[in-house]
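Protein chains: 2
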Amino acid sequence: MSTAPFDFRLDATEGAARAAEFTTPHGTVETPAFMPVGTHAAIRGLATSEVGAMGARMLLSNAYHLYLRPGDAVVRALGGLHAFARWDGPMLTDSGGFQVFSLARYREVNEEGVTFKNKFDGSLHAYTPERVIQIERNLGADVIMQLDELIDGGSASEPARGAMERSLRWLERCRVEFDRISREGRAPLDTVPTPPGTPLLPATNDDERRAPQQALFPIVQGGVHADLRRASMRGILNCGEWKGIAVGGLSTGEPKPEMYATLDLCGAELPRERPRYLMGVGFPDDLVEAVGRGMDLFDCVAPTRMGRHGTAFTPRGTVQLLKGTNRLDRAPLVDGCPCPACTQYDRAYLRHLFAADEPLGPRLIALHNLAMLMGLMREARAAICAGDFARWSAEWLLAYRAGGQADSAE
Amino acid sequence: MSTAPFDFRLDATEGAARAAEFTTPHGTVETPAFMPVGTHAAIRGLATSEVGAMGARMLLSNAYHLYLRPGDAVVRALGGLHAFARWDGPMLTDSGGFQVFSLARYREVNEEGVTFKNKFDGSLHAYTPERVIQIERNLGADVIMQLDELIDGGSASEPARGAMERSLRWLERCRVEFDRISREGRAPLDTVPTPPGTPLLPATNDDERRAPQQALFPIVQGGVHADLRRASMRGILNCGEWKGIAVGGLSTGEPKPEMYATLDLCGAELPRERPRYLMGVGFPDDLVEAVGRGMDLFDCVAPTRMGRHGTAFTPRGTVQLLKGTNRLDRAPLVDGCPCPACTQYDRAYLRHLFAADEPLGPRLIALHNLAMLMGLMREARAAICAGDFARWSAEWLLAYRAGGQADSAE
Chain A
10 MSTAPFDFRL DATEGAARAA EFTTPHGTVE TPAFMPVGTH AAIRGLATSE
60 VGAMGARMLL SNAYHLYLRP GDAVVRALGG LHAFARWDGP MLTDSGGFQV
110 FSLARYREVN EEGVTFKNKF DGSLHAYTPE RVIQIERNLG ADVIMQLDEL
160 IDGGSASEPA RGAMERSLRW LERCRVEFDR ISREGRAPLD TVPTPPGTPL
210 LPATNDDERR APQQALFPIV QGGVHADLRR ASMRGILNCG EWKGIAVGGL
260 STGEPKPEMY ATLDLCGAEL PRERPRYLMG VGFPDDLVEA VGRGMDLFDC
310 VAPTRMGRHG TAFTPRGTVQ LLKGTNRLDR APLVDGCPCP ACTQYDRAYL
360 RHLFAADEPL GPRLIALHNL AMLMGLMREA RAAICAGDFA RWSAEWLLAY
410 RAGGQADSAE
Chain B
10 MSTAPFDFRL DATEGAARAA EFTTPHGTVE TPAFMPVGTH AAIRGLATSE
60 VGAMGARMLL SNAYHLYLRP GDAVVRALGG LHAFARWDGP MLTDSGGFQV
110 FSLARYREVN EEGVTFKNKF DGSLHAYTPE RVIQIERNLG ADVIMQLDEL
160 IDGGSASEPA RGAMERSLRW LERCRVEFDR ISREGRAPLD TVPTPPGTPL
210 LPATNDDERR APQQALFPIV QGGVHADLRR ASMRGILNCG EWKGIAVGGL
260 STGEPKPEMY ATLDLCGAEL PRERPRYLMG VGFPDDLVEA VGRGMDLFDC
310 VAPTRMGRHG TAFTPRGTVQ LLKGTNRLDR APLVDGCPCP ACTQYDRAYL
360 RHLFAADEPL GPRLIALHNL AMLMGLMREA RAAICAGDFA RWSAEWLLAY
410 RAGGQADSAE
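Listed in order, the protein sequences are those of chains A and B. Using my numbering, you'd call the opening residue of the first sequence number 10 and step up by one each time. Using my numbering, you'd call the opening residue of the second sequence number 10 and step up by one each time.
Please note that a few of the clues may not be correct.
[To be verified] Distance windows between CB atoms, simulated:
| no. | chain 1 | residue 1 | chain 2 | residue 2 | range |
| --- | --- | --- | --- | --- | --- |
| 1 | B | GLY206 | A | LEU406 | 29 to 35 Å |
| 2 | A | ARG387 | B | TYR115 | 53 to 59 Å |
| 3 | B | PRO168 | A | LYS128 | 46 to 52 Å |
| 4 | B | SER111 | A | LEU406 | 38 to 44 Å |
| 5 | B | ASP97 | A | ALA340 | 17 to 23 Å |
| 6 | A | TYR269 | B | GLY88 | 55 to 61 Å |
Hints in this document: simulated from the structure, not taken from any laboratory. Glycine is no exception: its CB is placed at the ideal position from the N, C-alpha and C atoms.
The following block holds chain A by itself, in its conformation from the complex:
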């Protein structure tokens, strides 16, 4: 029985693939599992109750976005991320490093951290490893991520090494701050900076200042360079006892074979008895390939983003709903799929929603794509438990790739 927070119990393995149970303070996640992304503590037009009804168990949110709006102090004052987003199950926050590096209009990176300009009001913000941990401890997700320095997936060895090594130094600072807050508690609520216009927050007592039970995950970096990935894993394992480890910096432009080779390496060399979270990978075929290489947890905005544009995942590849062939098609999008798009509507009506620019369309297909990935991970888990993953995954990938209409790279 795995009941203590952050226990990870392997139920079955087949080759590198694993079926396991990851316990958090808010319940247990059966892995492999896909985590829907609610960047602003909301999953693009979907209620958490709907995503839960499709089988979601662990949700992801983003510290960068919540720091800017409504502010981590506001979320804490409202009872923390679980109470705010109305999700009583496991949650994870990304540090927002990726967003700072990809979205901020202006940024300056040095050893201390990242300075960036808020795109909404132009204000300057300093994002350091310590500040990120303070924010994530205020938000209160079960799993929180370190701040790391990001580079392009195809970067050459030298810039990749520099970013990897800095990420290790930042990890150590994250760990020290995490432990300090565990001992000393969080800052008094009324001293945490808030966005302009926020009413005065109440001063809080010792009980409220006590940090919630959380796990800090490090992130393996190093681009597509095996020596750097090995050095990153070594550095991470030397600097602390981790409840789980993430693999970052993939699916960012590098060729697929290099991504798969990196996953092979990490799958083989990371500790077996800890969950591995592959960040930002969310196309169906990539998920199946990554499960076969020993990855356990996944997140990506692809299912909701593609849903917004009318592209639906199916077991026979992707379907662009706007295609004229759907105009008179009274068949469901995917026969047997439990989501509302497939059980309540037909392809002709779904096409109409996108043609008429009706917001029900993006909403339905975002939920469909999430349901599809979560169901796919349940199928993969069942196959691993049955010792049938090799056959199942080969057949699944063949059928998916034979039908594929849209490229799986965005």
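We have chain A; now place chain B onto it with these hints.
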């Protein structure tokens, strides 16, 4: 027992106010009732199942929009509007006259009808009374509306008279075409014009050509001029036996006292034993005022449009969710409201959704506003049945107007 299609049974009256049951081929509507608007056979981001769960009984859609996309022939080929929109209850289509007069980029009106340019592809379309009836009989809603000529609510007597008289002549042409289709059936499906890109539709048999059982509603016009409204009602009643009658051209810019006076007149002089449908009026206080003047059915895009902009109806006036006072407010939007916004979330989170431009916000508040209006009409009905409407409505209006933050005129 009112069971025959288009029967209208008065359950109770109090002054001019009426509680009744209106039976359609797809079931019975208890009135007064608010009908949610699904212009494109979709209610701005909402599934029909959700709107139904909040008490919707009769839905409205728009012939103009469906004629342009996906085409009335396509909807007919897919089984008609009920099958297309997945709503097995009563439905109504507006003719689209209002949209032709208000939305089309180019239009030319003469005695024959309206010529307008499709805003999507620039194509020219002729909208005549006969064509509108053909379209609405292809769509297959239970209640269909005549084509009328629209003018501004505050128009002077002469232009208002011209449009009112033309609308009567168009009504006669609508009636003749409606009866012809009842006798002769609808045009063969493969001869109905379709938008570019539509696949060839199958030729159909006599059974498919048979027109569905529908009721054509005339529209009382005449602006705010009592003599013209009287002449319009007289002309309508002289030209046919109607299953129900609409009152149009109100809430279009005229002062409120003039709107209420017109409703007093229509409420007093229209046949008691037929439903009265007040078109395009959908603010809570206007609904209560109109029920008190004998109106039975209502529709308006206001609840969904205002919901998109974060304005919520409450029994104490409207609430703009973006207001800073909501930032830390953990209270529900409306205590006791059965909608998901009020039962699953708090004001602070709803505010955050609009601040972060998350599409869950417009969706939740659109549904809340619809739920509020539908619940309000159920309350009004209960009050009429209890002989308590005068007291109830006076108290309700007092509380609503005392709290009002946003103007009830858009």
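Cross-check of the supplied hints:
1. For the pair GLY206/B and LEU406/A, the supplied restraint of 29 to 35 Å holds, since their beta-carbon distance comes to about 34 Å.
2. For the pair ARG387/A and TYR115/B, the beta carbons lie near 55 Å from each other, so the given range of 53 to 59 Å is met.
3. Taking the beta carbon of each, PRO168/B and LYS128/A are about 50 Å apart, inside 46 to 52 Å as hinted.
4. The hinted range of 38 to 44 Å is not satisfied by SER111/B and LEU406/A, whose Cβ atoms lie roughly 53 Å apart.
5. A beta carbon spacing of about 20 Å between ASP97/B and ALA340/A agrees with the range 17 to 23 Å that was offered as a hint.
6. For TYR269/A and GLY88/B, the hinted distance range of 55 to 61 Å is not satisfied, since their beta carbons lie about 47 Å from each other.
Violation of the numbered hints given earlier is confined to hints 4, 6; the remaining hints are satisfied by the structure.
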